[in-house]
Each structure stands twice: as structure tokens, then as C-alpha cells.
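J.: Make a model of the complete structure from these sequences and hints.
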Amino acid sequence: MNPVIPAPVPIPLPAPAWLVQLLLVLTSVLHFLPMNLLVGGTVILTISSYLGRRDPRHHDLARRAVRAMPPVVAFTITLGVAPLLFLQLLYGQFFYTSSVLMAWSWLAVVLLLVLGYYGIYWFNLQQEELGPRAFWVMLLTSLFFLHIMKIFTQNMSLLERPQEFYSRFLAGAVGTYLGPSDLLTYARLTHFFVASVAVAGLGLAILSRAWLEEAPELATWARRYGTRWFMAGTGVQFLVGLGFLFSLPAELRSPFLGADRLATGILVLAILLAVLAMLAAPRSLGASAVAIVGTISLMTVVRHLVRIARLQPYFDPRSLPVEGQWTVFVIFVLLLVAGLATVGWMLYHFFRPAGSHV
Amino acid sequence: MNYPVWEPPMLGGGIIIGIIAILHIFVSHFAVGGGLFLPLTERKAYRENNPALLDYVKSHSKFFVLLVLVFGAVSGVGIWWSIGLVNPEATATLIHVFVWGWAIEWVFFLVEIAAAFIYYYGWDRLDRQTHLLVGWIYFGAAWASLFIINGILAFMLTPGQWLETRSFWSAFLNPSMLPSCVVRTAVSVALAGVYGLVTASTIRDVALRIDVVRYAAKWVLVGTLAIPPAGLWYISTLPPLAREISMGAAPAVTIFAGLSIFFSLLVVTFTYFGPYQHPRYFNLTFAFVIAVLALSTTGVTEWVREAVRKPYIIYDYMYANTLRLADVPRVRQQGVLNSALWVRHREVDPERRALAGEDVFRVQCASCHTVDGYNSIRFAVKGWSPAMIEYQLLHLNELKGFMPPFVGTDAERRALAEWLLTLNPQPVRLEPAHVGEKAEAQDSAPGGTTKP
Numbered sequence: 001m002n003p004v005i006p007a008p009v010p011i012p013l014p015a016p017a018w019l020v021q022l023l024l025v026l027t028s029v030l031h032f033l034p035m036n037l038l039v040g041g042t043v044i045l046t047i048s049s050y051l052g053r054r055d056p057r058h059h060d061l062a063r064r065a066v067r068a069m070p071p072v073v074a075f076t077i078t079l080g081v082a083p084l085l086f087l088q089l090l091y092g093q094f095f096y097t098s099s100v101l102m103a104w105s106w107l108a109v110v111l112l113l114v115l116g117y118y119g120i121y122w123f124n125l126q127q128e129e130l131g132p133r134a135f136w137v138m139l140l141t142s143l144f145f146l147h148i149m150k151i152f153t154q155n156m157s158l159l160e161r162p163q164e165f166y167s168r169f170l171a172g173a174v175g176t177y178l179g180p181s182d183l184l185t186y187a188r189l190t191h192f193f194v195a196s197v198a199v200a201g202l203g204l205a206i207l208s209r210a211w212l213e214e215a216p217e218l219a220t221w222a223r224r225y226g227t228r229w230f231m232a233g234t235g236v237q238f239l240v241g242l243g244f245l246f247s248l249p250a251e252l253r254s255p256f257l258g259a260d261r262l263a264t265g266i267l268v269l270a271i272l273l274a275v276l277a278m279l280a281a282p283r284s285l286g287a288s289a290v291a292i293v294g295t296i297s298l299m300t301v302v303r304h305l306v307r308i309a310r311l312q313p314y315f316d317p318r319s320l321p322v323e324g325q326w327t328v329f330v331i332f333v334l335l336l337v338a339g340l341a342t343v344g345w346m347l348y349h350f351f352r353p354a355g356s357h358v
Numbered sequence: 001m002n003y004p005v006w007e008p009p010m011l012g013g014g015i016i017i018g019i020i021a022i023l024h025i026f027v028s029h030f031a032v033g034g035g036l037f038l039p040l041t042e043r044k045a046y047r048e049n050n051p052a053l054l055d056y057v058k059s060h061s062k063f064f065v066l067l068v069l070v071f072g073a074v075s076g077v078g079i080w081w082s083i084g085l086v087n088p089e090a091t092a093t094l095i096h097v098f099v100w101g102w103a104i105e106w107v108f109f110l111v112e113i114a115a116a117f118i119y120y121y122g123w124d125r126l127d128r129q130t131h132l133l134v135g136w137i138y139f140g141a142a143w144a145s146l147f148i149i150n151g152i153l154a155f156m157l158t159p160g161q162w163l164e165t166r167s168f169w170s171a172f173l174n175p176s177m178l179p180s181c182v183v184r185t186a187v188s189v190a191l192a193g194v195y196g197l198v199t200a201s202t203i204r205d206v207a208l209r210i211d212v213v214r215y216a217a218k219w220v221l222v223g224t225l226a227i228p229p230a231g232l233w234y235i236s237t238l239p240p241l242a243r244e245i246s247m248g249a250a251p252a253v254t255i256f257a258g259l260s261i262f263f264s265l266l267v268v269t270f271t272y273f274g275p276y277q278h279p280r281y282f283n284l285t286f287a288f289v290i291a292v293l294a295l296s297t298t299g300v301t302e303w304v305r306e307a308v309r310k311p312y313i314i315y316d317y318m319y320a321n322t323l324r325l326a327d328v329p330r331v332r333q334q335g336v337l338n339s340a341l342w343v344r345h346r347e348v349d350p351e352r353r354a355l356a357g358e359d360v361f362r363v364q365c366a367s368c369h370t371v372d373g374y375n376s377i378r379f380a381v382k383g384w385s386p387a388m389i390e391y392q393l394l395h396l397n398e399l400k401g402f403m404p405p406f407v408g409t410d411a412e413r414r415a416l417a418e419w420l421l422t423l424n425p426q427p428v429r430l431e432p433a434h435v436g437e438k439a440e441a442q443d444s445a446p447g448g449t450t451k452p
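Here the protein sequences line up with chains A and B, keeping their order. The numbers in our numbering rise by one with no breaks, and the one at position 124 of the first sequence is 124. The numbers in our numbering rise by one with no breaks, and the one at position 353 of the second sequence is 353.
Hint data in this document are derived by calculation from the structure and do not stem from the laboratory. We put the CB at the ideal spot given by N, CA and C, even for glycine. Keep in mind that the hints are not guaranteed to be accurate.
[What the hints assert, rightly or not] Ranges between beta-carbon positions, derived for each pair:
#: 1; chain 1: B; residue 1: Lys62; chain 2: A; residue 2: Trp345; range: 49 to 59 Å
#: 2; chain 1: A; residue 1: Phe246; chain 2: B; residue 2: Arg378; range: 50 to 60 Å
#: 3; chain 1: B; residue 1: His345; chain 2: A; residue 2: Ser181; range: 39 to 49 Å
#: 4; chain 1: A; residue 1: Ile308; chain 2: B; residue 2: His345; range: 32 to 42 Å
#: 5; chain 1: B; residue 1: Ser376; chain 2: A; residue 2: Leu242; range: 33 to 43 Å
#: 6; chain 1: A; residue 1: Trp18; chain 2: B; residue 2: Gly258; range: 50 to 60 Å
#: 7; chain 1: B; residue 1: Asp372; chain 2: A; residue 2: Leu170; range: 15 to 25 Å
T.: Written out as C-alpha cells, the structure is:
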């Protein structure tokens, strides 16, 4: 049976497909960075809040590290808006169909997000008052965010499988379908999860430098502890990533195993950067962070290449008519530069040493 | 028609959007007005050298961050989520028309969030001047964000020249964009006062509480009093049918429009005679009463704004059931079952017409009607005879101005009519001569095979 796929909107794209794809990948990278810190961070905080019942170091670590979390949640959400916007522009007919099929699950993301976000604040503002119950608050919070990650993985997987759409519809699953739960989807989810724990470990190690003056012993220990999470996570990722790669259908896997030089090169470079990040971590967290951002960026490109390949039989965005809205695009770019400069100015004043304020 | 239809039982998609949207609007307008309230009140505290007032602003900023950054931001995303589920075709259209507008709004959103955090965490880290400036940056970004979203929302009701030019600027600078923006700005100022009353009512220092309560009440009054002239300007830009619907043509909408004015008057009256005239006796319960009235005003007003757009979702371009006006002739000719993608029956089987009729209902009516819940179709057609249903379907848009016409072939219309007939027992005449028939009709109706 030919897959049933909605027709694209009969309005030309406001920019060429390549530009929208570029923005989609760039903004996805921006979203993945805080998202990894968020999901992995809540997992590490859950463990520390449990161990912190007996170990004061973990208690102190959770108390200090959770302060960084509200902005992490806020920027995960804010930076997630843009890639979703460009995804809907380019692949709307796939995205909306998969979302509608799993509507209840997809809508639950909003509720889980509110609950998880307030969970972070609750822990942050009342950890001492909560006592041992703080662990349960953080456990629930991390489960909420993990579940969001699962739903996202399932929806992003389903949208790449239009051949399943109509059978789900005929099965009466409009809105109640929970999403794909096959090996490939779970391999993808595990890949994301392990990455998030590793990145959050590195984030913790970097964050601990801010505690050096107030609590030097804790800072030194937290740096080692965070680095261990990063090393273990990245190490495990080599296995999980390999498993994910080999759970892909052969025609999708082969471009990354030599059939396409560019695709293979990108994947190999991403892996090499991850190795570099591991080697650099004990000596320079900054260098390690730069390398791992490189890995995340390249893996996002890999992810996009897989999406293009999976949808290739049904749709090529380059076939869409284009009528560039260039004036407003230029305004967007100028405002983006001005906006980032403004944020930079505010951050500069915020992090300036207290004595230098006028 | 292009997408599968999600039918949340009892509620329908519209109510789900409505619940999220009304709560979001109530908080997001506070996000804008509160952004003005904070730096102005902070500046007032510096000028009056009033550390107690400054402490109040600090605690208000915590309340602000907890409400606006969490619930405000997530519920805003929630609206996007829900419209994509309930009306994907219209959402996709809006994204194609406005993607760079949305991208610009995203930039403002980013600045807004960063500024809010730095304002909140920066009380002890930034000097006064810089802290105030961050507050103003927050307000500027929040208002700019409102300005853009308002333009997109106004476009749906008054697309104006875009219908001919298809240009971004015609779409954004549409007839109701500016008046709507003024109304929303005034609402933001009023809501800043309402939320200010809530936090002010909890101040322990009596003298300070009296001062701040009266100060916040002024925000409510100034904001609310600016709404009527801006509202009249806004109404003057609406399409004639939208005005008619709100002013008598559709009683439910007219009642809600009346309630909007009534609740607004209650907010003004309660605020004037309560916190403004007698701030000493003002307390948290009273503040919540005003907040609930303000939420009710927001709810009914937004409901009316949505309702007057009927029968369209994008005026003069796309009907509420996502059928584009330009596609009507094609769908009439091909039939709705052959035009829609997500149906189970492509043809009307003369022996089992109701089955195809249910498909027709789903793709053409279910975006507004549920079967048994909100705007129930079973209830709407209760007591209708076959002839009545036929007549209604033939003249839907003429009889009910807020409904799109039925679009499809004659066979599909009859199939829909037959399915509608299966929803209720057959109507019967109650004359004594037909009492016997009544029992007969009731016995045969639930089977769903009665022919018109």
C-alpha cells in the first residue's frame, strides 16, 4: 500500500530548503546542549540527593548544582522552539500526522514540562525543608523529563515512517497511539539518554569551578565526580552508538560505513572528537567541552542525514516552490545579532566580579 | 481534510486549545505588564529612598519569575502544541506565512527569558542602574514578543490585503493588528495591577501595604479605562459578519460579549471601591476575587474573539474545518471522501450510507462538533426530521452564518444526513392519531438504519 501523506501547504517556502535545513540543524544543536544538561543533570541530581542522605558531599553538591537548573530548563524550552518551527516548515506533513496519531502522548509533554519545571524549583527553593523527601521530588522530576525525552524520540521516529501512518489510522489509533516501541526507537532513546548523562557530567565538572572559593574541597571532588560521569557515559556511548548504528536498516547504515564518503567522514570525525574530549577532560575541561560540542554538532548533522534518507522515497524538500521573504529574513538576522549582543552584555555585567560594579 | 482528525472525547479539540490558551493569555499579558510594573516600581523605590518598597519589588520579582518563566513560557508552547494537534493545516499555513515573524519573536523570547533571570538573580550582583536597565530590556523584549504574536493572531481574523498580495507585510500589517495591539497592551497594564494586588495584599507592614495596594489599584484602573476606546477601534476593523455574530446574530456569542463587558465593569468597580478607596481593608481573598474576575474577563473575551472568526479559521481563506475556499469547487466535484486522505470509505455504499456519513462528519464537522460532548452534534440534530436535516445541510451557511457550507457530492450529503439520523430516535408527531406510530418509531430508531 502506498503511504498516505498529507500534501504540503500550497504556499511557497519563504526561503530555499537548504537555508531552512541549515537553520534546523544549527538551532537543533543549540537545543541539544541545554537539553542534555537538563535530562542528565536531573538524573545525577537524583542520585546525589539519594546519596546525600548519608554523604554530606552529595548533599552539598545537589544543593549547589540545582541552582543552575532553572535557566537550563528555560533555555532547553526556548532554544527548542526554533528547531521545531523549522521542522514544521519543512516537514510539517510528516510531523503533524505523527503528532496527531500520538496526540495524547504528545500533549502530555506540556503537562510533564510544567511539573518537571516546578519540581526543579521546589527542590531548589526548599531542599532543606524537604529533608529526605527531596530525593523523591528529584526522582519524579527526572522521570518527567526522561518521559518527555522518550515521547520526543518516539514522535521524531514516527514522523520518519510515513508507511505506518495509515495503518495506525485504520487501527483507530488517532490520538491514542503511544508511539513506536521497537528496538530501533529504544536504541535511539538510549543513545540520547547516555549522551545526556555524559554531557551533564562534564557540565557538573565545569560548574564546580564556580565553587572553588567558597568550598574548595567540594569543588575539587565534584570536578572529579562529574568527570567520571562524563568518561563513563562517553565510554558506554561507543557501545550504545554502535548498537544504534547497527539497528538501522542496512540502506541507512551503509552511507556511514564507507558508501558515502562525506557521511562516513562526518561520523568518524564526530567519534574522534568524542575520543579527544575524553582524553582532554582530566587536564582541560574547556578543551573537552569544545570537543564534545563538536561531537554533538556533527551527530546532529548525522541525525539530519538519516532523516533525509528515510524520507527520500516520499519527499524531497528541494521540490517545494520557493518565494524568499528576504527583507524580513534580514531583519531576523539583524535582530538575532542584536539580541545575542544584548544577552552577552547582560551576562557580562552579571558575571563581572562584584568589586568592579560602579 | 489533509490530516487525521483527533477527537478528544467530550471536550473536542477547541476546548483543549481554549483551556490552555486562556490560562496562557492571563499569565502572558502579566508577563508583559509585569515587565513594566517591576522597573517602574523599582525606580519609584529608589527615588523615594524606600527600602521596604524595594523589598516588596524583590519578592514580587520571585513570584513573577515562578509564574511567568515556568507557567507562562510552557503554556505558550502548549498553545502551539494544541493548535498543531487540533488544526494542523491552519498551523502549517500560519508557519508558512509567518516563519520569519516567528523567528523574530523567538529572538525576543530568548532575550526576555535571559533578562528575566538576570533581573531576578541580579538584585545583589548588579548596580542599580544596570539592574533597572535589565528590567527595561525585559519589558522591551516581552512587549515586542506580544507585538509579533498579536499580528499573527489578528491576521487570522482580518487577513486584509494578504488575500491578494500573499506578502508577509500585508499579512502582518493587517487591519486589526494595531488596535488589537493597543487593547492587549492596556490589558497587560491592568493585569500587572491585578497581580500586583495579589502580592501587595500579603505585605506585613501596614503603611507599606496601603501604599502599594493603592499603587497597584491605579494600574488596574488606568489599564482598564484604556480598553473601551481601543476596543471600539478594534471592533470597527472587524469584518461585518464578525460584528453581527457578536451583536445579536449568535445569541451565545452575544451573551459572552456582554459578559466580557460585565466582568470588566466588575473588575473596575471592585478595584475602585476596594483597594483604591479602602486599601486598609484589602486582603488576599479580595485580591483573588479580583483576579478571578479578571481571569473570567480574559476567558469570555478570548472566547468571543475566537467565535466571531467563524465560519473561518483564517478569514476568507480557510474554513474552520480547514477546507480552503479555493478548494471548494474541486471538493464539490470530486467529493469530500475522495478529497480527504483520512477516511475509511472512499465511496458511499447505498446499502450502508451511514458508514460513509460518519467519515464525512469526521472530516467536515468534527473540528467544531463532538458527538456527545461540547457542541454535541447528537444534541444539535435532536428532533430533526429527514427533511429538516436535508434542508439544513443544503443551506448551512445561510441558516447559520457562523458555519461553513456543506461541501461534497449529493450522495455524500445524504450519507451524512443518514448518519445524523442514526444519532437520535426518530421525531414523531404527538397528535392522538399518531400515538401508535410513536411507539413504532422509537422501537426502530436506535438500530441506525432508518431511511430518510
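J.: All the hints need checking, so say for each whether the structure fits it.
T.: Status of the hints after comparison with the structure:
Separation of B/Lys62 from A/Trp345 is about 24 Å and departs from the stated range, judged on CB atoms against 49 to 59 Å. Our hint of 50 to 60 Å for A/Phe246 and B/Arg378 holds, since their Cβ atoms are close to 53 Å apart. The given range of 39 to 49 Å is broken by B/His345 and A/Ser181, whose C-beta atoms sit roughly 30 Å from each other. In this structure, A/Ile308 and B/His345 meet the distance hint of 32 to 42 Å, their C-beta atoms being roughly 35 Å apart.
Separated by about 55 Å at the C-beta atoms, B/Ser376 and A/Leu242 break the suggested range of 33 to 43 Å. Under the hint 50 to 60 Å, the C-beta atoms of A/Trp18 and B/Gly258, about 53 Å apart, fit the expected range. Judged by the Cβ atoms, the range 15 to 25 Å given for B/Asp372 and A/Leu170 holds: they are separated by roughly 23 Å.
In summary, the numbered hints that this structure violates are 1, 3, 5.
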